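Asker: Protein chains in written order, with this note's numbering: chain A, 481 to 638; chain B, 119 to 391.
Note that these hints are calculated values from the structure, not bench results.
Treat the hints with caution; some may be incorrect.
For the chain B half of the interface with chain A, some residues (derived, Cβ under 8 Å), not all of them [claimed, not checked]:
| id | residue |
| --- | --- |
| 1 | 196 |
| 2 | 298 |
| 3 | 301 |
| 4 | 303 |
| 5 | 313 |
| 6 | 317 |
| 7 | 321 |
In this text the structure is predicted, and so the values were computed from the model without any measurement.
In this text, a Cβ means the ideal position worked out from N, Cα and C, and glycines have one as well.
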Amino acid sequence: MSAGLWLALAGGLLGATMAQAEGVVAPSDVVFEDGAVAVSLTGAPGNPENGPDIINKGSGNCIACHQVSALPDLAFQGEIGPPLDGVGDRWSEAQLRGIVANAKMMFDESMMPAFYKTEGFIRLGDEFTGKAHAGEVTPILTAEQVEDVVAYLLTLKD
Amino acid sequence: GALSLIAAGSVVADEPAKLVVNGEIEMVTETEAPAHLDAFDTIYSGWTFRTPETRMLQMDDFDNPAMVFVDQAAEAWDTVDGSEGKSCASCHGDVAEGMAGVRAVYPKWNEAAGKVRTLVQQVNDCRETRMGAEPWKYDGGKMVAMESLISVQSRGMPVNVAIDGPAQSTWEQGKDLYYTRFGQLELSCANCHENNYGTMIRADHLSQGQINGFPVYRLKNTKLNTAHARFKGCVRDTRAETFNPGSPEFVALELYVASRGNGLSVEAPSVRN
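Please construct the entire structure, taking both the sequences and the accompanying hints into account.
Answerer: Here it is in structure tokens:
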């Protein structure tokens, strides 16, 4: 337990001191206000066209837990979280960014994984190998991917 | 969860509602949750969540692909191995008599060892200290077959592992692990198997993660699989560093998870997709 935890923390520290692409907010620097994140993580608007790919398995894998009626080609849509239909009406851009970056800031104890976070994990593994993680920790989604998926979610209106 | 789980598989008209093996062993696949478990009122065997086709395979030993391995273990039971010139049968006699009811109470506290032992560890203890034979690999083919043979002698009996007395601290360690949110996805066993059983996570119909059916034969990998191998897969899927089969953590987790199924029938070896 402690070895994994230590690596996770060390990795997080490393990540924080790493040079970030210009204008990109590092995972540990993201500011949440009532679960929402006001500023773009890349400093630029996202591209909604990349949304469906990120929602698919192999990437954000949102589809494991959520249904999206607008994406009928994605097979096996999960039922753990609410369908994402109409989220663009229910939530603001800042709120959606906060939910995707770290849903636990919006929903206490949420089962939804934090997609833009690099610290505080227990027994962090190396992807899905089951082995301990070593070195720098990367968030599940990049800042750009978070912005792209948020831009896509905003198009999901009832 | 209960309603959705029944509904999800009910497309086939003659689906089996009750699990009766070989037309004679009536299995309890749904019963009142044990008193220590606050999370739900009713516990369900993993059998309940599988498709009618998969469920059918478990109803007759001629259809159950696991039985080939059980037959192999029956041969091993009678085979002398090790420096002492003994087989399991030398001390335990006929497996049907010697091992009746054993599976139902394992993992179990062992006074001499001063710790909780899984069935696998007990078998290896007999091999090493009583037969003078090499231990089998914890989740290797020979061991999982022997575990299945021993389990068959308890089929239909209620799981009844002890969680108090000297086993209590191990049980509590297992409980802690069950509720720990591991890995980059920060998911605990409870996130999936307690809070969301009966729903779909991608293509999988989530069960309560009971182990009364273990070892299970999986159609996917065409072999018998131990509970510890399943735990390992589930922990790995949270993007965590897993524990190993036979580790103290998984022994504790096995005791705890088994206790969540106290009251369900021993079903092993069962069949999964």
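Asker: Are the hints correct? Go through all of them and say.
Answerer: Results for each hint:
| no. | hint | in the structure |
| --- | --- | --- |
| 1 | 196 | violated, 37 Å |
| 2 | 298 | holds, 6 Å |
| 3 | 301 | holds, 5 Å |
| 4 | 303 | holds, 4 Å |
| 5 | 313 | holds, 7 Å |
| 6 | 317 | holds, 4 Å |
| 7 | 321 | holds, 4 Å |
The structure is inconsistent with hint 1 alone, although it conforms to all the rest.
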